[in-house]
Amino acid sequence: MMIGKMKEMMMMEKMMKKKMMTKEIMEMLSDDDKRKLLAMKLDLKIDMMEQKREMMEHKKKLMAAKLDMKSSMIKKKLEIMKAVKEMLK
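Read in full-length UniProt numbering, the sequence shown has 19 at position 19, and its numbers run on one by one without any break.
No lab work stands behind these hints: they were computed from the structure.
If you're wondering where the values come from, they're calculated on a predicted model, not measured in any experiment.
There's no promise every hint is true.
[Said to hold, decoys possible] Computed cross-link-like contacts, DSS-like style, restricted to lysine-lysine with a CA-CA straight-line distance of at most 30 Å: (1) 45 with 23; (2) 17 with 59; (3) 34 with 17; (4) 89 with 76; (5) 66 with 89; (6) 66 with 77; (7) 36 with 18; (8) 45 with 14; (9) 14 with 41; (10) 82 with 70; (11) 60 with 19; (12) 52 with 77; (13) 7 with 17; (14) 60 with 76; (15) 52 with 19.
Construct the complete structure from the given sequences, taking the supplied hints into account.
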C-alpha cells in the first residue's frame, strides 16, 4: 500500500515540475510563438476528437451487426421451435 502511495507522490511531483518548466518556457516565448503553440495544440485536440468520433462510428456499426446477428439467430431458433411444435401435433 505504501509503495503505491509513494509512486503516486512521485508522479505528482514530476507533473508539478513539468508544469513549472512549461510555464517558465511559455513566459520566455513571444506572443506569436505562443499563438503558434496554441494552434498546434488545438490541431492535436481536433485530430484526437475526429479519431474518437471515427472509432465510435465503427463501434456503432459493429454493435448493429452484432444485434442483427443475434436477431437472426433468435428468428431461426423460433422457426425451429415452431417446426418441432408442428411435429408434435
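Tested hints:
1. For a cut-off of 30 Å, the pair hint linking residue 45 to residue 23 stands: about 20 Å separates their Cα positions.
2. Pair hint residue 17 plus residue 59 does not hold up; C-alpha atoms about 38 Å apart against a cutoff of 30 Å.
3. Between residue 34 and residue 17 the CA atoms are separated by roughly 20 Å; this keeps the pair inside 30 Å, and the hint holds.
4. Among the hinted pairs, residue 89 with residue 76 is consistent with the structure: their alpha-carbon atoms are about 20 Å apart, no more than 30 Å.
5. Under the criterion of a C-alpha separation no larger than 30 Å, the hint pairing residue 66 with residue 89 is inconsistent with the structure, at around 35 Å.
6. With a CA separation close to 17 Å, the supplied pair residue 66 and residue 77 stays within the 30 Å bound.
7. Restraint check for residue 36 and residue 18: the C-alpha separation of about 20 Å stays at or below 30 Å, so the hint holds.
8. Taking the CA atoms of residue 45 and residue 14, the gap is near 23 Å; set against the 30 Å cutoff, the hint holds.
9. With a CA separation close to 21 Å, the supplied pair residue 14 and residue 41 stays within the 30 Å bound.
10. Using a Cα cut-off of 30 Å, the hinted pair residue 82 and residue 70 holds, with the two alpha carbons roughly 18 Å apart.
11. Among the hinted pairs, residue 60 with residue 19 is inconsistent with the structure: their alpha-carbon atoms are about 38 Å apart, more than 30 Å.
12. For a cut-off of 30 Å, the pair hint linking residue 52 to residue 77 is broken: about 37 Å separates their Cα positions.
13. The suggested pairing of residue 7 with residue 17 holds, with an alpha-carbon distance near 15 Å, which does not exceed 30 Å.
14. For the given pair, residue 60 sits about 24 Å from residue 76 by alpha-carbon distance, which is consistent with the 30 Å threshold.
15. Between residue 52 and residue 19, the direct Cα distance comes to roughly 26 Å. Compliance with the 30 Å bound is thereby established for this hinted pair.
The structure is inconsistent with the numbered hints 2, 5, 11, 12, although it conforms to all the rest.
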